[in-house]
Amino acid sequence: MSSDFHLVAYLTGIVIISLFVNMGVSLYGMFARPSLIKKLIALTILSDTANVFAILVGYRRWPPGSIVKPPVLTELPPTPERVARFVSTAVDPLPQALVLTAIVIGLAVIIFLAVIIMQIYRTYGTTDVRLISKMRGERR
Amino acid sequence: MEVLVLTLMAIVALLSTVATYLAITERDLLTAVIYSALQSTAYAIIFYLLMAPDIVLVYIPVAVGLYPAVFIVLIKKSERYEGG
Numbered sequence: 001m002s003s004d005f006h007l008v009a010y011l012t013g014i015v016i017i018s019l020f021v022n023m024g025v026s027l028y029g030m031f032a033r034p035s036l037i038k039k040l041i042a043l044t045i046l047s048d049t050a051n052v053f054a055i056l057v058g059y060r061r062w063p064p065g066s067i068v069k070p071p072v073l074t075e076l077p078p079t080p081e082r083v084a085r086f087v088s089t090a091v092d093p094l095p096q097a098l099v100l101t102a103i104v105i106g107l108a109v110i111i112f113l114a115v116i117i118m119q120i121y122r123t124y125g126t127t128d129v130r131l132i133s134k135m136r137g138e139r140r
Numbered sequence: 141m142e143v144l145v146l147t148l149m150a151i152v153a154l155l156s157t158v159a160t161y162l163a164i165t166e167r168d169l170l171t172a173v174i175y176s177a178l179q180s181t182a183y184a185i186i187f188y189l190l191m192a193p194d195i196v197l198v199y200i201p202v203a204v205g206l207y208p209a210v211f212i213v214l215i216k217k218s219e220r221y222e223g224g
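Listed in order, the protein sequences are those of chains A and B.
Quick note on my numbering: the first sequence kicks off at 1 and runs consecutively.
Quick note on my numbering: the second sequence kicks off at 141 and runs consecutively.
Among these hints, one or two may not hold up.
Stated by the list, open to error - 20 Å max Cα-Cα, derived EDC-like pairs, lysine to aspartate or glutamate:
1. K39/A - D168/B
2. K134/A - D168/B
3. K39/A - E166/B
4. K217/B - D128/A
Claimed, not checked - Some, not all, of what chain B presents toward chain A, calculated at C-beta under 7 Å:
5. Y161
6. T181
7. R220
Hints in this document: simulated from the structure, not taken from any laboratory.
Small disclaimer: the values here were computed from a predicted structure and weren't measured.
Each residue gets a CB set at the ideal place from its N, CA and C atoms; glycine is no exception.
Hey, can you work out the whole structure from these sequences and the hints?
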């Protein structure tokens, strides 16, 4: 039981550390890469990583000795005892509802920024922020 | 069984890290979009293993379908290669 717990902690640590590395790499992409389109790709990766963290907060370890169970109520009709037993083993649904909203809002924001980048390219003829900052408003 | 699920989740998380690194450091933006879609697929598998199948049903059409479509239209209307 103890070695099992250590293995679970080790694997969860791998997942969390790789998500943090993803967040750091996408922040580097947003700050240091010159192309605006590359910055937008890094922004999608950053928001998705934040969503995965929000889901990970609501996760719960499996009850000991259980096989795979669907995260829905499987016994009908739902009496109070069955609902109480389900609630004692189910994951938290509140972060899932919030992330569901955040994904759709993120889609709208990304399309809006894509249209703005398209207009910047039509005005300046480039999407490189170093060249755009040198032009200072003159059309090319 | 729980250890098996977590092992799969760790492998997929490491795969998403590799895909993110390749997507950020790639000069050709079209290839970067494809690596970003690969990273989104890995995240969808992580969502499924974290027992959030409703998120997977929304996330796969948005992040694997619509994001690359928007980026490909954007790259077609502007420039393909990242200078410097």
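Each hint, compared with the structure:
no.: 1; hint: K39/A - D168/B; in the structure: holds, 14 Å
no.: 2; hint: K134/A - D168/B; in the structure: violated, 24 Å
no.: 3; hint: K39/A - E166/B; in the structure: holds, 12 Å
no.: 4; hint: K217/B - D128/A; in the structure: holds, 15 Å
no.: 5; hint: Y161; in the structure: holds, 6 Å
no.: 6; hint: T181; in the structure: violated, 11 Å
no.: 7; hint: R220; in the structure: violated, 9 Å
Of the numbered hints given earlier, the model fails hints 2, 6, 7; all others are met.
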